[in-house]
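The lines below spell out each chain.
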Amino acid sequence: MTVRVQAEDFDIGQELSKLRLANSSIGALVSFVGQVRDVNDGDAINTLTLEHYPGMTQKALEAIEIEAKMRWNIIDSLIVHRVGIMQPLDQIVLVVVSGAHRGDAFRACEFIMDYLKTSAPFWKKETTSHGERWVEAKISDDAAKARWIK
Amino acid sequence: MTVRVQAEDFDIGQELSKLRLANSSIGALVSFVGQVRDVNDGDAINTLTLEHYPGMTQKALEAIEIEAKMRWNIIDSLIVHRVGIMQPLDQIVLVVVSGAHRGDAFRACEFIMDYLKTSAPFWKKETTSHGERWVEAKISDDAAKARWIK
Amino acid sequence: MKIKVLYFSRIKEAVNYSTEDIDLPAGISTVTALKNYLALRGDIWTNLFNGKQVVRAAINHTLVDDLSTINAGDEVAFFPPVTGG
Amino acid sequence: MKIKVLYFSRIKEAVNYSTEDIDLPAGISTVTALKNYLALRGDIWTNLFNGKQVVRAAINHTLVDDLSTINAGDEVAFFPPVTGG
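Protein chains in written order, with our numbering: chain A, 582 to 731; chain B, 582 to 731; chain C, 5 to 89; chain D, 5 to 89.
With the rest of the complex left out, here is chain A (with noise of 0.2 Å):
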């Protein structure tokens, strides 16, 4: 299990790859990337913003890796997540789940990226046209990470 926020894009492929070839009883990768789009909320993005809090970031990230490693029957997993000012095309966050078998797979890749979404500290702020806004926070991410409330 491994985490780590940067500044720097990432590459998709190596990521994956190294997850792919670490272990021959993986039958099934899942991954999910985010990224910038160009419009939000009607506006065109200029630039995205992510700010986060170093101290925390990478133990609430760990944290989600754990969980998900605790509830599914996952090989290995990785978060990637960028912050730092971002354009509409570039990458965001990066998560690979790998397992034996794709079910569980699939269910903790989204776990991961539901709990990122409403558990992990990072804040976008958006530069359009109209000047400077924050993000707001989505219900429907809350109604996402409820799914999986035990």
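Please note that the accuracy of each hint is not assured.
To be verified - Covered by chain A, according to a simulated footprint, are these stretches of chain B (three or more residues, beta-carbon under 8 Å):
1) 604 to 611
2) 618 to 624
3) 645 to 656
4) 667 to 681
Claimed, not checked - Coverage of chain B stretches by chain C, computed from C-beta distances (three or more under 8 Å per stretch; other residues unrestricted):
5) 627 to 633
6) 692 to 706
To be verified - Partial list, derived from the structure: chain D residues whose beta carbon lies under 10 Å from chain A:
7) Arg14
8) Ala62
9) Thr73
10) Ala76
11) Phe83
12) Pro84
13) Val86
14) Gly88
Derived from the structure by calculation, the hints contain no laboratory data. Idealized CB from N, CA, C, for every residue including glycine.
Mind docking chains B, C and D on chain A? Use the hints.
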């Protein structure tokens, strides 16, 4: 929507980038990679041969993509499935789904895999130290597909 | 009526060829009827098509169930449950 | 007791700084009590911490709810609902 059935390996990073950069309203990409495991049913696997029904495969996979696109709000999808002889750690299949938001992309990607496993005309034959054997279809795959039946 | 029949995977290996042209007698017009007709060939054919093994069918490249109708010129394929992915 | 308080995102911008050391009076020992204490500063502080806005809290890098206890030396962070991913 794209389907490719091929003997050659594929480059996940390249395939994902192509989909990702094609449309700046994409916010989420979910992908699945299946690879050959080193052990199946307790025996070490030397090779895995994928046979298919050439006249039907492309059509069956395209029908699955169309169904996914009708059921969920997704932007694009890609299925690459290899045929021929493979070895442990080789990639067998890639499914990528892009969309504005993650929920529908997760759902559509898993749907495509579940239908591919039960409706696309591929058959696996393994060689182990005991010789050759055809891989049996799994009840769990039928159950996975049944979840989606409306 | 004349049809083309294809076999795949372990069924192809069992019958030892992959395709044949068959001129069906009148009255053989569904997948079940064709399976029963093939089972009459005896031996391995009986084993495969007497209904004790799961044999899936496609007509003209579409998965069908056993009640489906076969028409002249159709390509009918028989194979075990699929195991791709 | 002495604690460290951190602010992030729009809360940091509103109060115009990101961190401060506070020596809490006796009796202020939960997140809610600390929020109420900060709200007494008036103006923007009242706006932020009077309970009308959702302000999340973490103690020592763990998300907590408002009933959680604060101890001497803790790092308490306040921020709006998170929006990463």
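*asked:* Could you work out which of the previously given hints the structure breaks and list their numbers from low to high?
replied: As far as the earlier hints go, 3, 9 and 10 are violated by this structure, in ascending order.
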